[in-house]
Amino acid sequence: MPGKPLKKSLKKPLRPRREATVSDAVRHQQAFEQYLRTECHLAANTVAAYCRDLRRFYQWLAGRRLAALRVSELAGYTAWLSEEGLAAGSVARHLASLKVFFRFLQLEGELTENQAELLNSPKLWQRVPQVMTPGQVDALLTSPRKSDGHVLRDRALLEVLYATGCRVSEVANVALRDLHLRERYLVCRGKGDKQRIAHLGDRAVEAVHKYLTEERGELAAKKSPAPEWLFLSSRGARLRRERVWELIKRYAARVGAPPEISPHSLRHSFATHLLAGGADLRRVQEMLGHASIATTQIYTHVDHTRLKRVHEQFHPRG
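Position one of the sequence shown corresponds to residue -17 (my numbering), numbered consecutively onward.
A hint or two may mislead.
Result set (DSSO-like, lysine-lysine): computed pairs, CA atoms no more than 27 Å apart in a straight line [to be verified]:
(1) Lys205 x Lys192
(2) Lys81 x Lys176
(3) Lys128 x Lys204
(4) Lys205 x Lys81
(5) Lys204 x Lys176
(6) Lys204 x Lys192
(7) Lys128 x Lys192
(8) Lys205 x Lys128
If you're looking for bench data, these hints aren't it; they were derived computationally from the structure.
If you're wondering where the values come from, they're calculated on a predicted model, not measured in any experiment.
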């Protein structure tokens, strides 16, 4: 999971108790959340993810003392997560959260050793992302109708997602001050609150301009003071990322896209289509905001048509 290096807490250490109680769980979770926010300066979504994972861990813990847990027992937590139906990737993320939490308790003086560090994450196959064809993307981007209520907003939203390759949460958090329509770009804030410039094409610029001039004002008038966000809800508030996911899933179903298509598929498609068109991997890495090029390289395995052409051209028996 994303985040900044843990720092030594300056607050009074939590005092260990003989037995784990409900108050212990609440105390630990509140202190951990405050630590992540105020001392590690993690993004709100990252903090929320850590805290969700921690609540699930305490559900499994069922009153047992943290200090008494051995690695063999924590391995049982891994098995329990799998039995709960979590995929290997989700289990790995939960274990990453747990390791951070145990390191925090060490810093606070509550634990003398971090048994969680001895846990191995489940082996993960690097899954090939679900990608739409250009034709499927075109159908999706033009699928919003007047009967949907906010056709201009939704079309602008979809165009921006595909034009920039931004994450849903990044687009949901774009403010008007971040938009530079004349210069054809916007500033988005990614994981770790890192800023990057995301460029807009002709269709995205046109769709956003139409939304701003013909629809956003009506939505903004429902909220006081005037909202700063680019994309607004029907009540004039910031369009939450959960709502964006709902909209994309609805429009994907409308155009008959495969059920595996998710809101993240527009980002996957953005990267894959750029690489298929000959874009440099390093430039795509910058546009996606990936810290490591290894993360971007997975998209080189997606364009099967291009790989087939390369194989036929260069393999001795192609």
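Comparing the hints with the structure gives:
1. A C-alpha spacing of about 21 Å is found between Lys205 and Lys192, which places the hinted pair at or below 27 Å, so the restraint holds.
2. Among the hinted pairs, Lys81 with Lys176 is consistent with the structure: their alpha-carbon atoms are about 24 Å apart, no more than 27 Å.
3. Taking the CA atoms of Lys128 and Lys204, the gap is about 20 Å. The hint holds against a cut of 27 Å.
4. With a CA separation close to 42 Å, the supplied pair Lys205 and Lys81 exceeds the 27 Å bound.
5. With a CA separation close to 31 Å, the supplied pair Lys204 and Lys176 exceeds the 27 Å bound.
6. As the CA atoms of Lys204 and Lys192 are separated by approximately 19 Å, the hinted pair is consistent with the 27 Å bound.
7. Note on Lys128 and Lys192: the hinted pairing holds, with a Cα-Cα distance of about 14 Å set against a maximum of 27 Å.
8. As the CA atoms of Lys205 and Lys128 are separated by approximately 23 Å, the hinted pair is consistent with the 27 Å bound.
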